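S.K.: Given next are the chains, with one letter for each unit.
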Amino acid sequence: AQSVTQLGSHVSVSEGALVLLRCNYSSSVPPYLFWYVQYPNQGLQLLLKYTSAATLVKGINGFEAEFKKSETSFHLTKPSAHMSDAAEYFCAVTVSQGNLIFGKGTKLSVKP
Amino acid sequence: GAVVSQHPSWVICKSGTSVKIECRSLDFQATTMFWYRQFPKQSLMLMATSNEGSKATYEQGVEKDKFLINHASLTLSTLTVTSAHPEDSSFYICSARPGGVEAFFGQGTRLTVV
Numbered sequence: 001a002q003s004v005t006q007l008g009s010h011v012s013v014s015e016g017a018l019v020l021l022r023c024n025y026s027s028s029v030p031p032y033l034f035w036y037v038q039y040p041n042q043g044l045q046l047l048l049k050y051t052s053a054a055t056l057v058k059g060i061n062g063f064e065a066e067f068k069k070s071e072t073s074f075h076l077t078k079p080s081a082h083m084s085d086a087a088e089y090f091c092a093v094t095v096s097q098g099n100l101i102f103g104k105g106t107k108l109s110v111k112p
Numbered sequence: 113g114a115v116v117s118q119h120p121s122w123v124i125c126k127s128g129t130s131v132k133i134e135c136r137s138l139d140f141q142a143t144t145m146f147w148y149r150q151f152p153k154q155s156l157m158l159m160a161t162s163n164e165g166s167k168a169t170y171e172q173g174v175e176k177d178k179f180l181i182n183h184a185s186l187t188l189s190t191l192t193v194t195s196a197h198p199e200d201s202s203f204y205i206c207s208a209r210p211g212g213v214e215a216f217f218g219q220g221t222r223l224t225v226v
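Line by line, the protein sequences give chains A and B. Heads up: the first sequence begins at 1 in my numbering, then just goes up one per residue. Heads up: the second sequence begins at 113 in my numbering, then just goes up one per residue.
Since the hints were made in silico from the structure, they are not lab data. These numbers come from a predicted model, not from an experiment. Just so you know, not all the hints are guaranteed correct.
So these bits of chain A aren't anywhere near chain B, every CB distance computed over 10 Å [claimed, not checked]:
1) S14
2) A17
3) G43
4) G62
The calculated DSSO-like cross-link candidates involving lysine-lysine, where the alpha carbons are at most 27 Å apart (straight line), are [stated by the list, open to error]:
5) K178(B) - K132(B)
6) K58(A) - K111(A)
7) K58(A) - K107(A)
8) K176(B) - K104(A)
9) K58(A) - K69(A)
10) K178(B) - K111(A)
11) K68(A) - K58(A)
12) K107(A) - K132(B)
13) K126(B) - K178(B)
14) K153(B) - K104(A)
15) K111(A) - K69(A)
16) K153(B) - K178(B)
17) K104(A) - K178(B)
18) K104(A) - K69(A)
19) K132(B) - K167(B)
Every residue, glycine too, gets a C-beta built ideally from N, C-alpha and C.
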């Protein structure tokens, strides 16, 4: 079975500061990993995905994540936060054609 | 990317009535669609997997008779909340996969039962 743990339900950064959202996964087989962003009252938008190719994955809006098998981690980073990055972020894991398993989410706040 | 459209975006209904939510894959065929429920400030909880031409597969604890799912075509799945009550108020989201592992999500439906 797969599982995802997102450390920190709420992260607050200043505009221009580094964004780091943490995600650790558990899977008995090689996983596929995703980061999604959700704005209020909207669906989920894919930021980036790891599908066993390059371990450093670049996504939209300047976000990237690195798959580290030894640490079972897939942390999301962005060098410089923008006000528009304020949203809820979800890490998710799946295997093959399995269901997506979501973490509990991290709310990112960006202070001016 | 692929587009999944969900309708309506929000709905208010009276307690005891039924509400239908539609999920459409606009530019691909989806033999499988997924329905999630999201409580305020919480993650997505998978309710059921909708299979075209066959019965949906419900997750443990989800009432089949309350949440009716129909997947009559390769581009449309519907979720009907029957005899809705205030505790059914929530944000419902559908998703589908064009192929492979990447899932695309609808815009979500905010259901409020009064």
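S.K.: Now tell me if each hint is right for this structure.
M.R.: Hint check results:
no.	hint	result
1	S14	holds, 23 Å
2	A17	holds, 24 Å
3	G43	violated, 4 Å
4	G62	holds, 18 Å
5	K178(B) - K132(B)	holds, 12 Å
6	K58(A) - K111(A)	holds, 24 Å
7	K58(A) - K107(A)	holds, 21 Å
8	K176(B) - K104(A)	holds, 25 Å
9	K58(A) - K69(A)	holds, 17 Å
10	K178(B) - K111(A)	violated, 43 Å
11	K68(A) - K58(A)	holds, 15 Å
12	K107(A) - K132(B)	violated, 30 Å
13	K126(B) - K178(B)	holds, 15 Å
14	K153(B) - K104(A)	holds, 9 Å
15	K111(A) - K69(A)	violated, 33 Å
16	K153(B) - K178(B)	holds, 24 Å
17	K104(A) - K178(B)	holds, 26 Å
18	K104(A) - K69(A)	holds, 21 Å
19	K132(B) - K167(B)	holds, 17 Å
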